[in-house]
Amino acid sequence: MTVATGADTGATFALEDEDHTLANALRFLLNKNPHVSFVGYSIPHPSEKVVNLRIQTTGELTAVEALRQACQSLKQLCGHMRSTFTEAYEQYEQTQGSDESP
Amino acid sequence: MLSNRRLPDLKIRDLRDDYCEFELSNTDVSMANALRRVMLVEVPTIAVDLVEIEQNTTVLNDEFIAHRLGLIPLVSTAVHHMKGPFDDIGEKDFTDVELSLHVLCTSDDTQDVTSNDFILDHQHPEVYPVGYSDSRMQSEDAERPILIVKMRKNQELKLKAIARKGIGKDHAKWIPVATVTFQHKPQISINRALMDTLDEKVKEAFVDASPSHALSYNSVTKQVEVTETEAYMYDGEYEKMAQELHHPDLITITQSDNEFIFRVEGTGVLSVEDVIITAVDVLTAKLRNLQQALPPPEQNEGEN
Chain A
160 MTVATGADTG ATFALEDEDH TLANALRFLL NKNPHVSFVG YSIPHPSEKV VNLRIQTTGE
220 LTAVEALRQA CQSLKQLCGH MRSTFTEAYE QYEQTQGSDE SP
Chain B
162 MLSNRRLPDL KIRDLRDDYC EFELSNTDVS MANALRRVML VEVPTIAVDL VEIEQNTTVL
222 NDEFIAHRLG LIPLVSTAVH HMKGPFDDIG EKDFTDVELS LHVLCTSDDT QDVTSNDFIL
282 DHQHPEVYPV GYSDSRMQSE DAERPILIVK MRKNQELKLK AIARKGIGKD HAKWIPVATV
342 TFQHKPQISI NRALMDTLDE KVKEAFVDAS PSHALSYNSV TKQVEVTETE AYMYDGEYEK
402 MAQELHHPDL ITITQSDNEF IFRVEGTGVL SVEDVIITAV DVLTAKLRNL QQALPPPEQN
462 EGEN
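Chains as they are written, first to last, in the numbering used here: chain A, 160 to 261; chain B, 162 to 465.
Take these hints with a grain of salt, some might be off.
[Said to hold, decoys possible] Straight-line distance between alpha carbons at most 27 Å, and here's what the computed DSSO-like set of lysine-lysine pairs gives:
| # | chain 1 | residue 1 | chain 2 | residue 2 |
| --- | --- | --- | --- | --- |
| 1 | B | Lys253 | B | Lys321 |
| 2 | B | Lys346 | B | Lys401 |
| 3 | B | Lys244 | A | Lys234 |
| 4 | A | Lys191 | B | Lys172 |
| 5 | B | Lys364 | B | Lys383 |
| 6 | B | Lys330 | B | Lys244 |
| 7 | B | Lys334 | B | Lys244 |
| 8 | B | Lys364 | B | Lys401 |
| 9 | B | Lys401 | B | Lys362 |
| 10 | A | Lys208 | B | Lys244 |
| 11 | B | Lys383 | B | Lys362 |
| 12 | B | Lys330 | A | Lys208 |
| 13 | A | Lys234 | B | Lys346 |
| 14 | B | Lys330 | A | Lys234 |
| 15 | B | Lys321 | B | Lys334 |
| 16 | A | Lys234 | B | Lys172 |
| 17 | B | Lys311 | B | Lys334 |
| 18 | B | Lys401 | B | Lys383 |
| 19 | A | Lys191 | A | Lys234 |
| 20 | B | Lys319 | B | Lys334 |
| 21 | B | Lys346 | A | Lys191 |
| 22 | B | Lys321 | B | Lys311 |
| 23 | B | Lys346 | B | Lys364 |
| 24 | A | Lys208 | A | Lys234 |
| 25 | B | Lys244 | B | Lys321 |
| 26 | A | Lys208 | B | Lys334 |
| 27 | B | Lys172 | B | Lys346 |
[Said to hold, decoys possible] Across the chosen pairs, the derived CB separations fall in these ranges:
| # | chain 1 | residue 1 | chain 2 | residue 2 | range |
| --- | --- | --- | --- | --- | --- |
| 28 | B | Phe225 | A | Lys208 | 22 to 32 Å |
| 29 | B | Val363 | A | Asp176 | 55 to 65 Å |
| 30 | A | Lys208 | B | Thr382 | 53 to 63 Å |
[Stated by the list, open to error] The following residues of chain B were derived to be distant from chain A, with all beta-carbon distances above 12 Å:
| # | residue |
| --- | --- |
| 31 | Leu232 |
| 32 | His345 |
| 33 | Ser350 |
| 34 | Ser380 |
| 35 | Glu391 |
| 36 | Met402 |
| 37 | Leu406 |
| 38 | Arg424 |
None of these hints come from the bench; they were simulated from the model.
Glycine included, C-beta positions come from ideal geometry on N, C-alpha and C.
Starting from the given sequences, assemble the full structure and let the hints guide the process.
Structure (structure tokens):
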């Protein structure tokens with residue numbers, strides 16, 4: 160990843176080897192952050208595996224910090240989803256009895 | 162600081178060897194779609210990647226056969242211990258699984274060359290074609306093997322197929338599932354007051370307006386009821402009918418934007434629950450990667 164341009168409150172991140180999967184999820188979370196005034200991403204060329212993510216903040220925090228927080232949130236979300244799934248899976252296996260192979 | 166995210170709920174509705182249906186709620190489309198996309202193209206599996214043909218006198222050319230071999234699903238539970246061809250490789254890591262095949266047709270009848278004719282890698286016998294049963298101990302209830310090519314007398318096929326770890330982004334043969342879909346849960350609400358102004362015949366016709374039969378008419382209570390919310394296909398037929406009756410407010414159908422129904426169909430390569438768990442892990446790894454690439458924080462901000 161490279162920070163292409165930017166002052167503290169506004170930066171463009173070039174995420175290599177990434178696509179809509181990560182960029183859209185990050186954009187969504189960043190958009191919910193009240194200290195972020197603008198966030199958007201673009202994939203300049205479909206055959207180049209790179210995403211440009213632009214973040215501008217209102218000044219309370221730096222763009223890098225905003226991205227770091229978004230990553231943290233998304234990671235917690237993933238962790239939560241993993242444990243919820245495992246829990247639901249174990250519960251389902253229990254209620255179904257042992258007639259099914261795991 | 163992190164109040165701008167919600168923790169999703171998950172409920173498994175159905176889980177079989179090759180199918181899983183679950184409800185993901187209290188989250189957003191971006192999350193649901195990220196999960197779907199990762200399950201489809203970023204969960205690694207094993208597939209034949211390189212084929213060395215020694216002898217091929219069949220009717221199909223080498224490339225054609227190589228392509229067919231690539232598409233044969235291989236049981237990929239070993240993928241978690243395997244390294245990809247471009248990863249850093251340690252002493253104990255392995256990247257290649259070598260399957261071989263040698264068939265010579267000696268009978269006067271047409272002979273099938275199938276996935277059962279593979280001779281497995283003796284170092285990695287856990288990697289084998291889905292539904293594989295050794296030709297020497299063929300049982301009657303075995304799954305039908307996958308056909309590679311048909312032969313006539315004196316034709317021969319001898320080759321070495323090297324299977325490797327890969328992801329669906331690079332080639333569709335590595336996709337671990339048949340399909341993954343998510344659907345927004347429909348929300349159907351009927352305007353009772355307006356509905357009561359209609360007579361029986363119209364109500365019955367209204368219920369039949371959409372072939373999805375999400376609604377039904379209860380002849381005892383003389384009410385239109387929502388019976389199969391999820392059967393609704395967003396075909397707009399009920400709304401159209403409501404328009405025609407000059408009561409556009411008769412029914413309101415919206416898509417819930419925080420409840421999703423996921424349907425994952427496996428191919429037998431990995432169990433569906435493994436696909437889902439691995440997808441979440443892949444997504445987490447991506448984020449960890451990104452976080453590490455970010456410049457270190459200047460001061461310690463309130464994270465929790």
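Comparing the hints with the structure gives:
Restraint check: the Cα-Cα separation between Lys253(B) and Lys321(B) comes to about 23 Å, which is no more than 27 Å; the hinted pair holds. With a C-alpha separation of about 20 Å, the suggested pairing of Lys346(B) with Lys401(B) holds against the 27 Å cut-off. Distance check on the hinted pair: Lys244(B) and Lys234(A) sit about 24 Å apart at the alpha-carbon level, within 27 Å; holds. Our distance criterion of 27 Å between C-alpha atoms is met by Lys191(A) and Lys172(B), whose separation comes to about 26 Å.
Straight-line distance between C-alpha atoms of Lys364(B) and Lys383(B) comes to about 9 Å, which keeps the hinted pair within the 27 Å bound. The straight-line distance between the Cα atoms of Lys330(B) and Lys244(B) is roughly 17 Å, inside the 27 Å bound, and the hint therefore holds. A hinted pair counts as satisfied when its Cα atoms are at most 27 Å apart, and Lys334(B) with Lys244(B) qualifies at roughly 17 Å. For the proposed pair Lys364(B) and Lys401(B), the alpha carbon gap of about 14 Å is at most 27 Å, so the pair holds.
Of the supplied pair hints, the one linking Lys401(B) and Lys362(B) holds, its CA atoms being roughly 17 Å apart against a limit of 27 Å. Between the alpha carbons of Lys208(A) and Lys244(B) the distance comes to roughly 22 Å, so the proposed pair stays at or under 27 Å and holds. This hinted pair checks out: Lys383(B) and Lys362(B) have alpha carbons roughly 10 Å apart, not beyond 27 Å. A hinted pair counts as satisfied when its Cα atoms are at most 27 Å apart, and Lys330(B) with Lys208(A) qualifies at roughly 11 Å.
Note on Lys234(A) and Lys346(B): the hinted pairing holds, with a Cα-Cα distance of about 25 Å set against a maximum of 27 Å. Taken as a hint, the Lys330(B) and Lys234(A) pair is honoured in the structure, with Cα atoms around 22 Å apart against an allowance of 27 Å. Taking the CA atoms of Lys321(B) and Lys334(B), the gap is near 18 Å; set against the 27 Å cutoff, the hint holds. Note on Lys234(A) and Lys172(B): the hinted pairing holds, with a Cα-Cα distance of about 20 Å set against a maximum of 27 Å.
Between Lys311(B) and Lys334(B), the direct Cα distance comes to roughly 22 Å. Compliance with the 27 Å bound is thereby established for this hinted pair. Pair hint Lys401(B) plus Lys383(B) holds up; C-alpha atoms about 22 Å apart against a cutoff of 27 Å. Distance check on the hinted pair: Lys191(A) and Lys234(A) sit about 16 Å apart at the alpha-carbon level, within 27 Å; holds. A threshold of 27 Å between alpha carbons decides the hint, and for Lys319(B) with Lys334(B) the separation of about 22 Å falls inside it, so the pair holds.
Distance check on the hinted pair: Lys346(B) and Lys191(A) sit about 23 Å apart at the alpha-carbon level, within 27 Å; holds. Note on Lys321(B) and Lys311(B): the hinted pairing holds, with a Cα-Cα distance of about 18 Å set against a maximum of 27 Å. Restraint check for Lys346(B) and Lys364(B): satisfied, since their Cα atoms lie roughly 25 Å apart, inside the 27 Å limit. The hinted pair formed by Lys208(A) and Lys234(A) meets the criterion: a straight-line CA distance of about 22 Å does not exceed 27 Å.
For the hint pairing Lys244(B) with Lys321(B), the CA-to-CA distance comes to about 20 Å; that is within 27 Å, so the pair holds. With a CA separation close to 20 Å, the supplied pair Lys208(A) and Lys334(B) stays within the 27 Å bound. The straight-line distance between the Cα atoms of Lys172(B) and Lys346(B) is roughly 14 Å, inside the 27 Å bound, and the hint therefore holds. Take Phe225(B) and Lys208(A): their Cβ atoms lie about 30 Å apart, and the range 22 to 32 Å holds.
The supplied range of 55 to 65 Å is met by Val363(B) and Asp176(A), whose beta-carbon atoms lie about 58 Å from each other. The hinted window of 53 to 63 Å between Lys208(A) and Thr382(B) holds, with their beta carbons roughly 59 Å apart. Listed as outside the interface, Leu232(B) is consistent with that label: its C-beta sits roughly 24 Å from the nearest C-beta of chain A, beyond the 12 Å cut-off. Distance check on His345(B): its Cβ is at least 16 Å (rounded) from any Cβ of chain A, clearing the 12 Å threshold; non-interface status holds.
For Ser350(B), the shortest C-beta to C-beta distance to chain A comes to about 27 Å, beyond the 12 Å cut-off, and the non-interface label holds. The beta carbon of Ser380(B) sits about 36 Å from the closest Cβ of chain A, which is more than 12 Å, so the claim that it is off the interface holds. Residue-level check passed: Glu391(B) sits 19 Å from the nearest beta carbon of chain A, beyond 12 Å. No Cβ of chain A comes within 12 Å of the Cβ of Met402(B); the nearest lies about 36 Å off, and the non-interface call holds.
The Cβ of Leu406(B) lies farther than 12 Å from every Cβ of chain A, with a closest approach of about 39 Å, so its non-interface assignment holds. Distance check for Arg424(B) against chain A: the nearest CB is about 15 Å away, which clears 12 Å, and the non-interface claim stands.
Consistency note: the structure conflicts with none of the earlier hints.
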